[in-house]
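Enquirer: Single-letter residue listing:
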Amino acid sequence: MPDRRTLLRVEHLRKVYESATGNVEAIGDISFTMDAGELVCIVGPSGCGKTTLLKCLAGLLRPTSGVVEMDGSPVTGPSPAMAVVFQEYGRSLYPWLTVRGNVELPLRHKKLSRAARAKLVVDALEAVGLAHAARSHPWQLSGGMQQRVAIARAIAYQPDVLIMDEPFAAVDAQTRADLEDLVRELHASRTISVLFVTHDIDESVYLGQRVLVLSTSPTWVQEDLAIDLPPERDQITTRALPRFTQLRTHVYDQIQRAKRGQTVAPRSAR
Amino acid sequence: MSAYTSRIATTTRGRRVGPRIAASLLYPLGLPMLLLVSWGLVSTRGTSRFFPGPLTIADAFLQTWVGPAFVEDVLPSLARLGLGVAASIVLGIAAGTVIGLVVWLRELLEPLLEFLRAIPPPVLIPVVMLLLGITDTMKVVVIVSGAVWPILLNTIEGVRATDSVMKETAESFQVSWWERLWFLVLPAASPRIMAGVRQALSVALILMVISEMFASSSGLGYRIAYFQRNYLIAEMWSGILLLGLVGVFLAVAFGLVERRVLRWYHGIREVNRA
Chain L
3 MPDRRTLLRV EHLRKVYESA TGNVEAIGDI SFTMDAGELV CIVGPSGCGK
53 TTLLKCLAGL LRPTSGVVEM DGSPVTGPSP AMAVVFQEYG RSLYPWLTVR
103 GNVELPLRHK KLSRAARAKL VVDALEAVGL AHAARSHPWQ LSGGMQQRVA
153 IARAIAYQPD VLIMDEPFAA VDAQTRADLE DLVRELHASR TISVLFVTHD
203 IDESVYLGQR VLVLSTSPTW VQEDLAIDLP PERDQITTRA LPRFTQLRTH
253 VYDQIQRAKR GQTVAPRSAR
Chain C
-2 MSAYTSRIAT TTRGRRVGPR IAASLLYPLG LPMLLLVSWG LVSTRGTSRF
48 FPGPLTIADA FLQTWVGPAF VEDVLPSLAR LGLGVAASIV LGIAAGTVIG
98 LVVWLRELLE PLLEFLRAIP PPVLIPVVML LLGITDTMKV VVIVSGAVWP
148 ILLNTIEGVR ATDSVMKETA ESFQVSWWER LWFLVLPAAS PRIMAGVRQA
198 LSVALILMVI SEMFASSSGL GYRIAYFQRN YLIAEMWSGI LLLGLVGVFL
248 AVAFGLVERR VLRWYHGIRE VNRA
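Taken in order, these protein sequences are the chains called L and C.
Residue numbers for the first sequence follow my numbering, so the first one is 3 and each next one is one higher.
Residue numbers for the second sequence follow my numbering, so the first one is -2 and each next one is one higher.
Any given hint might turn out to be false.
[Claimed, not checked] In silico lysine-lysine, BS3-like type, Cα no more than 27 Å apart, as pairs: (1) L:K112 with C:K164; (2) L:K261 with C:K164; (3) L:K112 with L:K57; (4) L:K261 with L:K57; (5) L:K113 with C:K164.
[To be verified] Incomplete in silico selection of chain C near chain L, CB under 8 Å: (6) L28; (7) L32; (8) M163; (9) E165; (10) T166; (11) E168; (12) S169; (13) F170; (14) Q171; (15) E176; (16) L178; (17) F180; (18) P184; (19) H263; (20) V268; (21) A271.
[As the list claims (entries may be wrong)] Stretches of chain L that chain C covers, calculated by requiring three or more beta carbons in the stretch to come under 8 Å of a beta carbon on chain C: (22) 45 to 52; (23) 108 to 122; (24) 234 to 243.
What the hints contain is simulated information worked out from the structure, not anything from laboratory work.
By construction, the Cβ of each residue, glycine as well, lies at the ideal position given by its N, Cα and C atoms.
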């Protein structure tokens, strides 16, 4: 059983985009915590500021107000404790580098011996089943394989938490199922926490130990739902469980209510 | 059965190799040959002394350029050209990268750069001559003053257009400044940079000749101008022929380098086309 210390703490996070034509409040007031070793999915209606939230967590965007804490210390910029897997794998992998070069690049500034670095790369590529493609270039691979390279790059970086921004939105359904199982397997086999942002309700329920349902923009956490499905999951039996159907219907209802604006924001957000 | 079919395959292939090689030679070389032959025919009938036949020019070519003239005129010219191109590439990429990365610098310099690149470099030759004298440095400076612009402006544009997700990726993994430059910014800009270098090569060749025509005691441009003034028509044409060959050589050398540097770029385009 992994320890239950708090890894990520988000408190009253608010993000307003300022522009000449008027300010846009993307995130109203988001608070949640995530324990070490957890796999948390964030799901919400489209345009609810999921990517904005994620960039604030990863230190790529400065929140307008509020706190993001990683292991007790505030996040003010990108941190070695986090690795991001972006949705657009085609624009996140560098086409002039080989698969190996891409996975190796973030490790170059870490103080590692050449052998240790090479071992991390090989190990990560094996974990995603791409050891044979190390010398290929990303554009020679299918979309699903490219996203596997991005995942390998993230886990070779040895972060405490893996932040994934709708990583499988652009791949076909069968590849997507394989990649979902890969994420669950990596989460189980390596003591790594995963924060998985998606717009796909079924995906969030299938993957997550917890699902955070976001409201429409300006966003707050509408529901923090524990997923009490058995820890051993597979695409056929888990998705056929009555409990799975109940949970996905529940999340679906929540998102429909969010879209209709039938929910009430927490007092602090107003 | 398989032996039978395989033999058939080899024989058909064997039968096709000859014509295929002939065809691949015929297309690029056919038209030049045809032009040479018709030129030869026309010149034997014509009497104009300004357009000698190809055999006369070939003879003059051997007489003029094979021997000491190669060391005295051709090599110095090629050295100036090489130096000018190298300096333009280094200067253009270095300055272009800095200007492309720093937003305020770019906004400050862009109108000025557009103005400077619009000035035809040959008009600067007398000025540079005054400043530097009639030296090799002056000729290299003239070459750079024209050849640097396409590289500089293309580098600025290429560096500026680095993909935002690629930049965010580097940022989130805390890739260091130098690594970002070497593994992200320069490769991302390399297709634009190479396009700039291709333009710069032809500009450099033109400026090499012109700078030598103005004031010089050696070099291809000097030699050709000398032949012109002394009515050595066949020799003049042979010089022009040599310039053309230098141009072709540069293009071929560039093509080899470009295919290597931009292998990934051409690979992606091939994948997208398929």
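Enquirer: A separate judgement is required for each hint: does it hold in the structure or not?
Expert: Checked hints:
no. : hint               : verdict
1   : L:K112 with C:K164 : 19 Å, holds
2   : L:K261 with C:K164 : 33 Å, violated
3   : L:K112 with L:K57  : 23 Å, holds
4   : L:K261 with L:K57  : 23 Å, holds
5   : L:K113 with C:K164 : 22 Å, holds
6   : L28                : 37 Å, violated
7   : L32                : 41 Å, violated
8   : M163               : 6 Å, holds
9   : E165               : 6 Å, holds
10  : T166               : 5 Å, holds
11  : E168               : 6 Å, holds
12  : S169               : 5 Å, holds
13  : F170               : 4 Å, holds
14  : Q171               : 5 Å, holds
15  : E176               : 6 Å, holds
16  : L178               : 13 Å, violated
17  : F180               : 6 Å, holds
18  : P184               : 4 Å, holds
19  : H263               : 11 Å, violated
20  : V268               : 5 Å, holds
21  : A271               : 11 Å, violated
22  : 45 to 52           : violated (count 0)
23  : 108 to 122         : holds (count 3)
24  : 234 to 243         : violated (count 0)
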